[in-house]
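**Q** Each chain, written out:
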Amino acid sequence: METLKNHPKDELLAAYAAGSLPLSQALCISVHLEHCTECTQNLHQLHQLGSELMLSLQPAKPSPKLKDKLFDQIDQILINAATTEKVTLPTNEANHSLPRCLHQFIKTGYEDISWKRLSSDIYSYELCRDQNNAKVELLRIKPGGTSGTHTHMGDEYTVILEGSFSDESGFYQQGDFLVKNSLDKHTPVATIDKDCICLAVTEAPIQLTGFFGRMLNPLIRRSYA
Amino acid sequence: MTRIATHSDKAAFSTLFDHYAPLIRAYSLAREPGANLVADELAQEVLIRVWLKAGSYNAQLSNINTWIFTLARNCRIDYFRRNGRYISDIDPTEIFNNIEDDDPGPFQQVHQDRLAKNIKSGLSKLPREQAEILTKVYLEGKSHQQTSTELKLPLGTVKSRVRLALRKLQVLILR
Ligand SMILES: [Zn+2]
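Chain order of the listed sequences is V and R. When we follow the working numbering, the leftmost residue of the first sequence carries the number 1, and every step to the right adds one. When we follow the working numbering, the leftmost residue of the second sequence carries the number 1, and every step to the right adds one.
Some hints here could point you the wrong way.
As the list claims (entries may be wrong) - Below, computed lysine-lysine pairings styled on DSS-like, alpha-carbon distance capped at 27 angstroms: (1) Lys53(R) with Lys65(V); (2) Lys168(R) with Lys5(V); (3) Lys69(V) with Lys194(V); (4) Lys65(V) with Lys10(R); (5) Lys168(R) with Lys9(V); (6) Lys9(V) with Lys125(R); (7) Lys135(V) with Lys194(V); (8) Lys61(V) with Lys159(R); (9) Lys168(R) with Lys152(R); (10) Lys9(V) with Lys120(R); (11) Lys185(V) with Lys159(R); (12) Lys185(V) with Lys135(V); (13) Lys53(R) with Lys69(V); (14) Lys152(R) with Lys61(V); (15) Lys135(V) with Lys159(R); (16) Lys116(V) with Lys194(V); (17) Lys67(V) with Lys10(R); (18) Lys5(V) with Lys159(R); (19) Lys10(R) with Lys69(V); (20) Lys61(V) with Lys53(R); (21) Lys117(R) with Lys168(R); (22) Lys53(R) with Lys9(V).
To be verified - Output of the computed footprint for chain V on chain R, the stretches with three or more beta carbons under 8 angstroms from beta carbons of chain V: (23) 11-23; (24) 27-34.
Simulated from the structure, these hints should not be mistaken for laboratory data. Bear in mind the structure is a predicted one, so any value in this text is a computation, not a measurement. We put the CB at the ideal spot given by N, CA and C, even for glycine.
All chains should be built: construct the whole structure from the sequences, respecting the hints.
**A** What follows is the structure, encoded as structure tokens:
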């Protein structure tokens, strides 16, 4: 494992540990964690903080019936375990190189995806939508390709799955995590030796209000869709 | 022989229930005040997982409080998603479950105990406004955005208070 330079901010990792982060963002962090021992260790310590906070709560006693119910369920489990044989499901080894949290969307590999061409350099594949309609997609930039200079209408969270790219502020490799907000303007260029594949989460654009805002909204929607 | 083992396991499990069920219920009630049935369900689900996974639990790697916290967090996310209170196409199982089973790396019991002690004493000294934010994020399960709306604070203030609290508690390895 190489040492990465681009990590999620402390408060983002804490929200992940607390389970209060939108799942789309949690997906990106989960990929980063598979590549980052430092954040993994920090995560364990953030879990410890969570457990101390839970212990600080005023305990809320259950009714006595709950324990009976639980033990009934355990008895049932013990009976089932005694009467049924263990069946081990075959695991799909073909997708072992993909991050585990992406298996729910991609069954085999990046090659078999029906990529949608956005330009001569860029292809995309939408995985799903999260709450508030945040878009979760894979982006693929051809070797040496660029997405052109652009800004983002909402925050954009990116983690690199394969390959690498650079922009005005640095060089990013597999596992690197970055957030760009609507004020950041950047020009990513993929490294020439291979395709760069990223997982990107784009928050839905904020609707602008007021006369000029209403005029701009259709333009914003077009760049987001 | 299996029977005896099972009986003693059950006695130990009963003690564990008495300690943790009220805490897991409190954790659930922090998110949904007054929802006692939901709290019962969450406690039951977490403790069944504890029973089922007791064999794979490695005391060397994480202390039991932390393990139960992560189980409770995962079950709570699952529960809210199953019940349509969190609309998303994303299945959280694979995002979080890999972590509770994984080897957490170079982690020592001594180090954990020391950290737990530091956190405990740190929490009691934390400025009220920082403690309030940790409660929102960790116990009530609120996003930064929701916290900012509820407390009528700018989003940036919410984030910086989390950062300040973490620094004060010395939870993170500095880089
Ligand atoms: Zn990291």
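**Q** Could you work out which of the previously given hints the structure breaks and list their numbers from low to high?
**A** 3, 8, 14 and 22
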